[in-house]
Amino acid sequence: MSATTHEHADRGDEFLERAFRELLIERGVLTQAEVDARVEFMYEREGAAYGQRVVARAWADPAFRARLLADGSAAARELGIEIGALKLVVVENTPQVHNLIVCTLCSCYPRMLLGMAPDWYKSVAYRSRAVREPRALLAEFGLQVDAQRTLRVHDSTADMRYLVLPMRPVGSESLDETALAALVTRDSMVGVAEVQLPA
Amino acid sequence: MTPRFAPGTRVRVAERGVSGHVRTPRYVRGKRGVVERICGAFRNPEELARGRRDGDVIPLYRVRFAQRDVWPDYDGSPGDTLDVEIYEHWLEGATE
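These protein sequences, in sequence, are chains A and B.
When the letters of the first sequence are read in order and numbered with the working numbering, they come out as residues 1 to 199.
When the letters of the second sequence are read in order and numbered with the working numbering, they come out as residues 1 to 96.
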């Protein structure tokens, strides 16, 4: 499947995008290979690496973690990551609290840290169920949030962008920051997964 | 513009229908919650969407709702919450 193929071209703007792209290719302005290469570049450049670095630093450095929770944008800037006009709010998972991020109105997403949003994040099913029945939704992601833990859902309705600081996995005490970063997944920073040590 | 509500204040989201670009989700309109934090001041998206880019900045809050107050039949844990960003002109004081 090419990177620009849409499995669910069910929205008008997707039809428009496809029609425009195919016309450009037909007229020889662009080639499909160039479009694919650009999309790949966006994914590579904007993968979740920045988010992974932020989380790993927070695990390794308690003072950074405190600054990150107090002012996410300022703490990210310490690592050379510019959040821009939006503000980053970092919410921390603990044994007592699990956090989940959604944007019910559209698909606001901390793209500067996590790259392009996955299709499921933009789906109507995710956007509605994340606020209406988040525990059932998470169970379908394979994540059972214990009934004793509080589940906090954060709806990105305006100018904030959210990042979940997942719990550092037990058994990762000896890992350095680079190795820790490699454990952190995009899904764990949205709150639909926990970070696991490799089996 | 000085924020009208301090963190911890109980507030109610206005229950009104507005056409155009509105960033207050319908599912919290008329619901009561507590100001979790003041996020700063931002331009009103309803005005920005109409092309007015020099309007006043207004306080933006994160309001925390108990899931059970939003959805009466919510079947998760009683402490579960929903945090939503709401601009000040959508909030009213809730005295009870």
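Don't read these hints as lab results, they were simulated from the structure.
Computed from a predicted structure; not experimentally measured.
Treat the hints with care, as some may be off.
Calculated lysine-lysine pairs in the BS3-like style (CA-CA distance at most 27 Å, straight line) [stated by the list, open to error]:
no.	chain 1	residue 1	chain 2	residue 2
1	A	K87	B	K31
2	B	K31	A	K122
3	A	K87	A	K122
Holds or violated: K87(A) to K122(A), with C-alpha atoms at most 27 Å apart | Measuring from Cα to Cα gives roughly 21 Å; hence the hint holds.
Compare the distance between the alpha carbons of K31(B) and K122(A) with 27 Å, and conclude whether the hinted pair is satisfied.
-> Roughly 25 Å separates the two Cα atoms, so the pair holds.
For the pair supplied as a hint, K87(A) and K31(B), confirm whether the alpha-carbon distance does not exceed 27 Å.
-> Answer holds: K87(A) to K31(B) is near 25 Å, not above 27 Å.
In summary, this structure violates none of the numbered hints.
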